[in-house]
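Protein chains in written order, with this note's numbering: chain A, 142 to 240; chain B, 5 to 139.
Hints in this document: simulated from the structure, not taken from any laboratory.
Where hints are given, some of them may not hold.
What the hints assert, rightly or not - Derived DMTMM-like pairs (lysine to aspartate or glutamate); straight-line CA-CA distance at most 25 Å:
(1) A:211 <-> A:191
(2) A:203 <-> B:126
(3) B:116 <-> A:182
(4) A:206 <-> B:100
(5) B:116 <-> A:225
(6) A:203 <-> A:182
Unchecked claim - Among the chain A residues that face chain B by a calculated CB cut under 7 Å, a handful are:
(7) 149
(8) 162
(9) 195
(10) 206
(11) 209
(12) 212
(13) 222
(14) 229
(15) 230
(16) 231
For glycine and all other residues, C-beta sits at the position ideal for the given N, C-alpha and C.
This is what each chain is made of:
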Amino acid sequence: MTIDLNKNGQALTVKLTGRLDTATSPDLDKIISEELDDITELTFDIHALEYTSSAGLRVFLKAQKLMNSKGSMKITGAIQSVYEIFEMTGFDEIMNIEQ
Amino acid sequence: MPNSLVIEATQGNLHTVIDFIDEELEALDCPMKAQTQIDLCAEEIFINIASYAYPDGNGMAEIAVEPVDSGVAITFIDSGMPYNPLEKADPDITLDAESRAIGGLGIFIVKKVMDKAEYAYEDGKNKLKLTKMFK
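Construct the entire structure; sequences and hints are all you get.
Here is the structure:
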């Protein structure tokens with residue numbers, strides 16, 4: 142998986158490409174822990190994300206909890222199979238996720 | 005006869021396991037969507053075994069892939085502590101983000117995605133058989 146960061150003032154876009162799984166989710170977790178200090182608007186661009194396991198969902202949930210206290214978060218570009226995982230787990234109800 | 009992979013149950017071997025399963029599924033003409041769902045479940049189960057089955061060190065896991073009438077059955081076998089993951093309570097997926105626990109979703113996903121999940125403890129081994137129909 143590759144992670145591209147694009148910061149614009151207090152807005153951060155995190156673009157994910159590849160597979161978000163047990164092996165790669167710690168990389169994203171590190172970014173959530175280190176890069177969000179002054180961020181009020183967080184966007185995950187996941188149109189090139191092929192797959193996420195529950196390890197990836199955990200990181201999205203952690204990010205959502207952080208952003209709830211200080212701004213907004215959205216996930217954009219989910220492909221069908223990834224969107225279905227968000228739906229199945231009810232994450233589509235607690236996060237702003239666009240296909 | 006199923007095709008089997010026997011491998012040390014470590015997180016680092018996840019991709020070897022997924023590659024093995026994908027190769028088997030491709031040989032069975034499994035559609036992409038079902039393959040993605042099976043990969044998802046295989047990750048949850050293998051990582052569970054790698055993380056919890058052998059608290060005193062590392063042990064082995066066997067992954068057996070077997071064609072069944074209208075799909076595939078994948079059995080995960082380990083010699084670790086007896087543990088039936090299917091008994092784990094489902095997380096409440098209606099809670100708001102603040103109340104959600106981080107974790108506990110893996111087995112829930114497996115139950116949702118697979119058509120059948122059967123657990124047995126036999127001969128000192130955990131055996132979890134997951135069946136997915138795709139034809």
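Here is what the structure says about each hint:
Restraint check for residue 211 of chain A and residue 191 of chain A: not satisfied, since their Cα atoms lie roughly 29 Å apart, outside the 25 Å limit. Simply put, residue 203 of chain A and residue 126 of chain B have alpha-carbon atoms about 38 Å apart, too far for the 25 Å limit, and the pair is violated. Using a Cα cut-off of 25 Å, the hinted pair residue 116 of chain B and residue 182 of chain A is violated, with the two alpha carbons roughly 33 Å apart. Distance restraint check for residue 206 of chain A and residue 100 of chain B: the Cα-Cα separation of roughly 10 Å lies within the 25 Å cut-off, and the hinted pair is therefore satisfied.
Between the alpha carbons of residue 116 of chain B and residue 225 of chain A the distance comes to roughly 11 Å, so the proposed pair stays at or under 25 Å and holds. At roughly 15 Å between alpha-carbon atoms, residue 203 of chain A and residue 182 of chain A fall within 25 Å of each other, so this suggested pair holds. For residue 149 of chain A, the shortest C-beta to C-beta distance to chain B is roughly 25 Å, which exceeds 7 Å, and the interface hint is violated. The interface hint given for residue 162 of chain A holds, since its Cβ lies 6 Å from the closest Cβ of chain B, which is under the 7 Å cut-off.
This hint holds: residue 195 of chain A has a C-beta 4 Å from the nearest C-beta of chain B, less than the 7 Å allowed. Using the Cβ-Cβ criterion of 7 Å, the hint placing residue 206 of chain A at the interface with chain B is satisfied: the shortest such distance is roughly 6 Å. Hint on residue 209 of chain A holds. Least Cβ distance to chain B is approximately 6 Å, under the 7 Å limit. For residue 212 of chain A, the interface hint is violated, the least distance from its beta-carbon to any beta-carbon of chain B being 14 Å, above 7 Å.
Interface hint at residue 222 of chain A: satisfied, since its Cβ lies 5 Å from the closest Cβ of chain B, which is below the 7 Å cut-off. Proximity of residue 229 of chain A to chain B holds as hinted, the smallest CB-CB distance being about 5 Å (cut-off 7 Å). Of the supplied interface hints, the one on residue 230 of chain A holds, with its beta-carbon coming within about 5 Å of a beta-carbon of chain B, less than 7 Å. The interface hint given for residue 231 of chain A holds, since its Cβ lies 3 Å from the closest Cβ of chain B, which is under the 7 Å cut-off.
When the structure is compared with the earlier hints, violations turn up for hints 1, 2, 3, 7, 12 and for no others.
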